[in-house]
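In case you want the letters, here they are:
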Amino acid sequence: MAIEVRDVNKSFGATPVLRDVSLDVAAGSLTALLGPSGGGKSTLLRVIAGLEQPDTGTVRISGVDATRLAPQRRGVGFVFQHYAAFKHLTVFRNVAFGLEVRKRPKDEIRKRVMELLELVHLEKLADRYPSQLSGGQRQRMALARALAVEPQVLLLDEPFGALDAQVRKELRTWLRRLHDEVHVTTVFVTHDQEEAIEVADTIVLLAGGEVVQSGSPGEVYDNPANPFVMRFLGPVTELDGNLVRPHDVEISQDPVEGGSSALVSRVVKLGFEVRVEVEVGGHEAWVQVTREQADRLDLKPGDTVHLRPVPGARSLVLAV
Amino acid sequence: MAKHVLRLIAVAYVMFLLVLPVGLIIWQTFGDGLGPFFESLTSPSALHAFKVTLTVAGLAVVANTIFGVGVAILLVRHEFPGKRLLGAFVDLPMAVSPVVVGLALILVYGRFSPVGGLLESWGIQVIFSTPGMVIATVFVAMPLVARSIIPVLEELGDEQEQAAHTLGASRLQTFLRITLPGIRWALGYGLVLCLARSLGEYGAVAVVSGRLVDQTQTLTLLVEERFQNYDQQGAFAAATTLALIAVVTLLLTKLLRPKDRSDGN
Chain E
1 MAIEVRDVNK SFGATPVLRD VSLDVAAGSL TALLGPSGGG KSTLLRVIAG LEQPDTGTVR
61 ISGVDATRLA PQRRGVGFVF QHYAAFKHLT VFRNVAFGLE VRKRPKDEIR KRVMELLELV
121 HLEKLADRYP SQLSGGQRQR MALARALAVE PQVLLLDEPF GALDAQVRKE LRTWLRRLHD
181 EVHVTTVFVT HDQEEAIEVA DTIVLLAGGE VVQSGSPGEV YDNPANPFVM RFLGPVTELD
241 GNLVRPHDVE ISQDPVEGGS SALVSRVVKL GFEVRVEVEV GGHEAWVQVT REQADRLDLK
301 PGDTVHLRPV PGARSLVLAV
Chain P
1 MAKHVLRLIA VAYVMFLLVL PVGLIIWQTF GDGLGPFFES LTSPSALHAF KVTLTVAGLA
61 VVANTIFGVG VAILLVRHEF PGKRLLGAFV DLPMAVSPVV VGLALILVYG RFSPVGGLLE
121 SWGIQVIFST PGMVIATVFV AMPLVARSII PVLEELGDEQ EQAAHTLGAS RLQTFLRITL
181 PGIRWALGYG LVLCLARSLG EYGAVAVVSG RLVDQTQTLT LLVEERFQNY DQQGAFAAAT
241 TLALIAVVTL LLTKLLRPKD RSDGN
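Each protein sequence line maps, in turn, to chains E and P.
Numbering-wise, the working numbering puts 286 at position 286 of the first sequence, and it's gapless, one number per residue.
Numbering-wise, the working numbering puts 233 at position 233 of the second sequence, and it's gapless, one number per residue.
The set of hints was computed from the structure by calculation and includes no laboratory data.
Since the structure is predicted, the reported quantities are computational estimates derived from the model, not experimental observations.
Do not rely on the hints blindly, as some may be mistaken.
As the list claims (entries may be wrong) - Taking lysine to aspartate or glutamate and the DMTMM-like style, the derived pairs with C-alpha atoms no more than 25 Å apart in a straight line are:
1) Lys-106(E) / Glu-161(P)
2) Lys-87(E) / Glu-161(P)
3) Lys-254(P) / Glu-120(P)
4) Lys-269(E) / Glu-292(E)
5) Lys-87(E) / Asp-91(P)
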């Protein structure tokens, strides 16, 4: 295991932020710490990096107890949401920083920094200052800077949180490809479930300072541990006291076995997918169908339809 | 109409309080040409006063820079009990009259006090000597460096320092490579202010120095002493020199002031 966190507790004043958190991160993996804001995910990342001290519990990095080690001795690379660029240094000197404080020979530094700048596609901007870069470029610079010291683990705190939607999507794909090239054990914090599912190979869900569930994106999406996880990872709707995914509901005009009748209240066409809003058993629900299905059924507000979960659909019983 | 009245008042205010007195001093100084000006400035007493002033101000600036940077980092980056009290103490010299500071120092370090007596037995004379004048100057100029740096440190935040730590930099390396460059303009501004205040200090130094001519006389004390002894030329020459130093420092502060904030993102 590259990172082993055991029974970590941490409070800020009287507010507990992490409660008995244990976590294993496999070497070479790309793990997402996912959860709502205030769930403790950033604090956990900072505890791993040594930027916060846990009240109790231990952190091991590559088998070494790092709980009381200073951040500079842990062999971690850390990327901050707001880049933490060294404003008075050029892009080159920013990336070279970790090597300069290690007093590496000048030629070696130059070679390594230029390699990294090529990796993050900033080789032409080596002499610029951070204030002359866009947000996405600054974040790529910060990533190259963290990679320069060859960390055992790379930690990213909401790395794309301050960027606009377009750049965020590009960087996501790019991070995934970068990880496939560099293979460094990576943990990143995000509150965006789509980002976690798309990029990570392991998702750890944190809420209220506790690990709620962990597993591959497919596992946590298909077998959510509780309604909270199911709601957090994707769209849900309620059918007969069960929580189901709206794309897992079958819709038909004729009564079906085990189905319940519903009244169509609205049909919203969102390009390829169509959102059918219905009233079933006195409360509102919605079903996601394809455009082709919607056209075939010719649904209109006021129609009566019959709904049931598709065979094999995952659903969770809601406590009454 | 109101605008014109306000402008007139402002001009008259500056005219009578600043331009006229300073102009008169300069006119008086150079009234008989440059010869007498340089003659009185190069007299042994004046040269000695220059030396004393530079020594005292120089040492005070060094002490206040180390203290000011230390206190600013302590107040901005660390949480500890008594933090607000320390912050208030740093500002105290601004509120206390320099004469009071001088008297208080005599009470503590004077020959007949326990501390002063002990130091005297080790051969260190504080009052009526350079150490006392340095302490007095350090005290009155104490908040200037710290207060110039504190807002910039706050705005800088600690993320760059944390990033430096994770990249392997020690505390000292982080301070020298990240924190110091981040506050360099504010520090320069604070230094110039501190230097100006130290050069111009009169009250506290007057009390603790004993005003011993050719021994503990600074430039400001020289101006006063010459004036009392009807040597107007000498007084005005020294006063003009002090005014020129003030103008230069003022220009320096103008140059240094806005820079730390303009290179933010």
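Do the hints match the structure? See the list:
no.: 1; hint: Lys-106(E) / Glu-161(P); in the structure: 24 Å, holds
no.: 2; hint: Lys-87(E) / Glu-161(P); in the structure: 12 Å, holds
no.: 3; hint: Lys-254(P) / Glu-120(P); in the structure: 44 Å, violated
no.: 4; hint: Lys-269(E) / Glu-292(E); in the structure: 11 Å, holds
no.: 5; hint: Lys-87(E) / Asp-91(P); in the structure: 31 Å, violated
Checked against the numbered hints above, the structure violates hints 3 and 5; every other hint is satisfied.
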